[in-house]
Amino acid sequence: MYRLNISILLASLLYTVGIIASQGSAADVAGLTKEAARANNESLLWGPYKPNLYFGVRPRIANSLFSGLLWAKVDDFATAQQNFRHTCEQNEGMAGYGWDEYDIRKGGRQTIHDAENSLDLTIDFIKVPGGQQGGNWGARIKGVPREGASEDQPTSLVFYTALEGLGNLEVTTESEALGFDGDVKLAGFTPDLGDFSIDVTAGPESNEHPEHDHPSYQDKPLHRTLVSSSTIPAEHLWQTKVILFSQMKNEVSECIQKYGAENPPPPSQVFTIKHIPGEGNIHMVQKVFKGAFEFDVIFSSGSSPQPLTSETLTKEITTTSMSFSNRFDNILAPKAPFNNAEYSKFSKAMLSNLVGGIGFFHGDDIVDRSAAPEYDEENEGFWEETAEARARAQPVLEGPKDLFTSVPSRPFFPRGFLWDEGFHLIPIVDWDIDLALEIVKSWFNLMDEDGWIAREQILGSEARSKVPPEFTIQYPHYANPPTLFLILEAFMDKVKANQAASLDQYSDQDIAQNVGSIYVQHPELGDAFIRSFYPLLKKHYFWYRNTQGGDIKSYDREAFSTREAYRWRGRSVQHILTSGLDDYPRAQPPHPGELHVDLISWMGMMTRSLRRIAENLGEVEDVEEFKVYETAIERNIDDLHWDEQAQTYCDATIDEYEESVHVCHKGYISIMPFLTGMVGPNHPHLKPILDLISDPEELWSDYGIRSLSKKDEFYGTAENYWRSPVWININYMVVKNLYDTATTSGPHQDQAREIYSRLRKNLVENVFKEWKETGFAWEQYNPETGKGQRTQHFTGWTSMVVKMMSMPDLANEKKGHDEL
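With the first letter of the sequence shown counted as 1, position 23 gets the number 23 in UniProt numbering; the numbers rise by one all the way through.
No wet-lab data here; the hints were simulated from the structure. Be aware that a few hints might be false.
Stated by the list, open to error - Computed cross-link-like contacts, SDA-like style, restricted to lysine to any residue with a CA-CA straight-line distance of at most 25 Å:
no.	residue 1	residue 2
1	K687	K772
2	K538	Y555
3	K335	E619
4	K687	R758
5	K441	F382
6	K274	P233
7	K34	E698
8	K315	A39
9	K142	A39
10	K538	V623
11	K345	R109
12	K687	W642
13	K441	E619
14	K627	W543
15	K711	V661
16	K441	N340
17	K185	K345
18	K185	P129
19	K142	P233
20	K466	D450
21	K761	E342
22	K769	K290
23	K290	G179
24	K290	L397
25	K711	E698
26	K539	P400
All chains should be modelled from the sequences, with the hints used to inform the complete structure.
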């Protein structure tokens with residue numbers, strides 16, 4: 001049976017756990033949990049955790065060392081400055097970029113196809129364990145002119161490293177006045193990292209550099225490496241491009257003054273920094289190449305048994321690539337009809353970009369703690385009152401806070417989003433369970449004393465620079481779909497799978513996914529991990545119940561329970577941003593008596609998850625309490641939201657006669673009870689849901705399930721954000737629940753199987769086609785053409801196609817069964 005190769009450290013730890021856990025003591029478990037956490041943190045300490053940059057490395061330590069890369073083609077005065085790349089942007093003429101292979105614990109390869117700079121970059125980032133501070137890491141940076149470009153085109157690259165907090169950093173290599181001929185070495189120290197060194201190598205002898213006859217070349221020959229060391233206020237260090245340009249501006253001015261505007265040096269000579277190596281908290285290392293080039297950046301921890309070298313890096317690049325491919329093929333390999341080399345490459349890239357988009361964020365955020373009574377939204381016309389209350393509020397800075405999370409899109413949404421993150425972690429929980437749990441815990445550690453977690457995490461000035469000011473303020477009465485509970489359920493399923501593995505009840509793939517997870521292989525440690533933040537889970541759950549409740553009693557509504565009804569707070573006339581479905585049509589005008597079917601469905605899922613967690617932890621009283629809530633929610637979904645005439649689930653509101661009525665806009669909210677598992681294989685309303693999903697005049701399209709029915713009066717209107725486009729996160733939920741229905745005994749198995757097979761195929765084929773044609777995954781897809789639209793490089797929840805590809809091909813299974 002297949003077993004993954006894991007590090008000697010983790011293998012030894014697992015062996016020790018097996019011995020001690022069998023002897024059983026609470027103190028032993030606590031000690032081993034602490035040791036497991038330490039080992040986990042060591043392997044996760046370093047990474048490209050600044051996903052807003054094309055390449056930005058930092059540790060999971062606040063106010064510490066960070067590094068990055070800038071580059072530009074420097075053959076034209078008019079375009080050289082604007083062509084410098086640093087932060088990921090949507091409109092920089094990229095023909096695609098991202099991670100082709102990436103394992104967060106080992107490293108991988110990123111390729112960047114910079115069409116405007118006529119350059120293809122390959123960056124191998126590798127981590128080598130050893131010592132006490134997360135080991136060593138190295139980056140090999142290679143560039144090749146793109147097809148059709150000049151083979152001799154000049155390219156300027158600037159690697160930089162900066163220190164935000166306590167410690168020191170300096171250039172230790174002796175240098176001549178004109179620059180470095182060979183490698184450049186920096187050395188530093190911080191309280192958290194200890195002693196370390198950074199080597200920027202000269203690269204192989206095949207590297208060439210621009211040469212010219214202008215007299216400026218004698219002053220600054222371009223075969224030399226230039227280093228500028230300076231001290232900048234720590235709060236401005238993230239503005240690296242501004243710092244670089246301010247230094248270049250001085251050099252440009254000196255060139256013009258010295259040589260005159262009539263006889264300027266070539267652009268490759270002009271756009272350089274002043275060579276002033278030494279001490280400082282930011283150091284820029286500039287190289288100017290002609291044609292193809294290669295060099296290494298090597299970080300060596302002083303606690304490591306031996307420093308990293310270019311020779312070792314070469315070996316590790318090959319080993320890491322092989323390890324990634326082997327592991328991927330055993331865990332997430334695409335199944336028919338996607339089991340070929342092209343789809344495998346696509347799936348690897350999508351997973352790698354998802355994991356490569358994980359970042360560590362630190363900083364303060366802006367919160368409105370006014371608790372204005374208008375925020376309860378209890379009066380008719382409440383949206384006007386809340387707008388006035390927001391206008392007079394005085395938000396405050398809170399923090400600093402830390403967050404370890406994936407991001408939806410590196411160029412457009414390089415920060416944490418609460419409801420996105422649960423979807424992000426669905427493929428990740430298969431790939432690296434312990435990583436997923438680490439991220440979940442990071443999110444729950446953001447919770448305030450009331451149980452609230454801000455739905456959008458905009459931590460620090462760097463994060464706020466990407467957000468319009470009107471969206472930076474967070475409100476403690478705003479919720480978001482609680483998707484992180486989907487991951488906790490998945491974790492419990494994996495514990496169950498591991499326990500049953502010895503009985504051959506699970507496949508090799510199930511077991512492969514669990515090997516290497518200390519928390520799954522040893523449930524007592526998994527229980528201890530979950531128990532450590534179980535109080536936070538409960539607090540978060542009851543915050544939802546207390547702040548998002550809906551009104552049943554005031555309007556004589558008939559329902560099984562007088563308590564289980566829910567309403568999103570924070571709505572305007574056209575939007576409920578807190579629902580995640582932004583402009584999806586809702587009751588008009590808004591009313592304090594509204595009830596939202598998607599929210600009660602999410603509450604049902606959340607209650608079920610928490611009940612299962614309580615069962616695993618042996619919290620008997622909690623289990624009984626959650627069972628009561630769960631039953632009441634299941635009953636009330638039907639009592640409050642099923643419309644018999646429309647044969648669908650609907651929001652409810654209060655009409656002009658003070659009567660409760662349904663507001664039916666068929667689409668994603670109509671099928672949310674099914675998507676959250678509240679409508680099972682034998683439910684009486686399942687058939688109409690399946691019919692709605694599969695009807696091409698309603699939700700079905702050749703590219704996925706539409707967000708709103710074609711027959712709805714608001715289809716494709718106004719902002720058209722959630723009013724027709726195909727969204728991959730919701731489509732995954734459709735696929736997953738169709739699969740569960742198709743593989744469970746019930747009257748609609750065959751229909752669910754047929755829809756599942758067609759939908760899975762349509763979705764994957766279209767996202768793949770657009771990825772091949774454009775170089776990107778997209779935020780959403782057009783239901784009429786399949787074209788990717790809105791935000792590009794949306795390798796957050798669009799990466800859930802990885803999970804879809806790895807799911808069973810029920811069409812072939814059914815065909816084989818029929819033939820038998």
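Do the hints match the structure? See the list:
1. K687 - K772: The given pair, whose Cα atoms are some 37 Å apart, is violated under the 25 Å limit.
2. K538 - Y555: violated, 30 Å
3. K335 - E619: The hint is violated at about 40 Å.
4. K687 - R758: Holds: K687 and R758 sit about 17 Å apart, inside 25 Å.
5. K441 - F382: violated, 35 Å
6. K274 - P233: holds, 20 Å
7. K34 - E698: Violated, because 53 Å separates the two Cα atoms, which is more than 25 Å.
8. K315 - A39: It holds: about 24 Å lies between the C-alpha atoms, which stays within 25 Å.
9. K142 - A39: Measuring from Cα to Cα gives roughly 32 Å; hence the hint is violated.
10. K538 - V623: holds, 12 Å
11. K345 - R109: holds, 13 Å
12. K687 - W642: holds, 13 Å
13. K441 - E619: Holds: K441 and E619 sit about 20 Å apart, inside 25 Å.
14. K627 - W543: holds, 18 Å
15. K711 - V661: With Cα atoms ~20 Å apart, K711 and V661 stay inside 25 Å; holds.
16. K441 - N340: violated, 37 Å
17. K185 - K345: violated, 37 Å
18. K185 - P129: holds, 21 Å
19. K142 - P233: Since the Cα atoms of K142 and P233 sit roughly 32 Å apart, the hinted pair is violated (cutoff 25 Å).
20. K466 - D450: violated, 29 Å
21. K761 - E342: At roughly 15 Å apart (the allowed maximum being 25 Å), E342 and K761 satisfy the hint.
22. K769 - K290: violated, 35 Å
23. K290 - G179: This hinted pair holds, its Cα atoms lying about 18 Å apart.
24. K290 - L397: Cα-Cα ~48 Å, so violated.
25. K711 - E698: Holds: K711 and E698 sit about 6 Å apart, inside 25 Å.
26. K539 - P400: Status holds; Cα separation ~22 Å.
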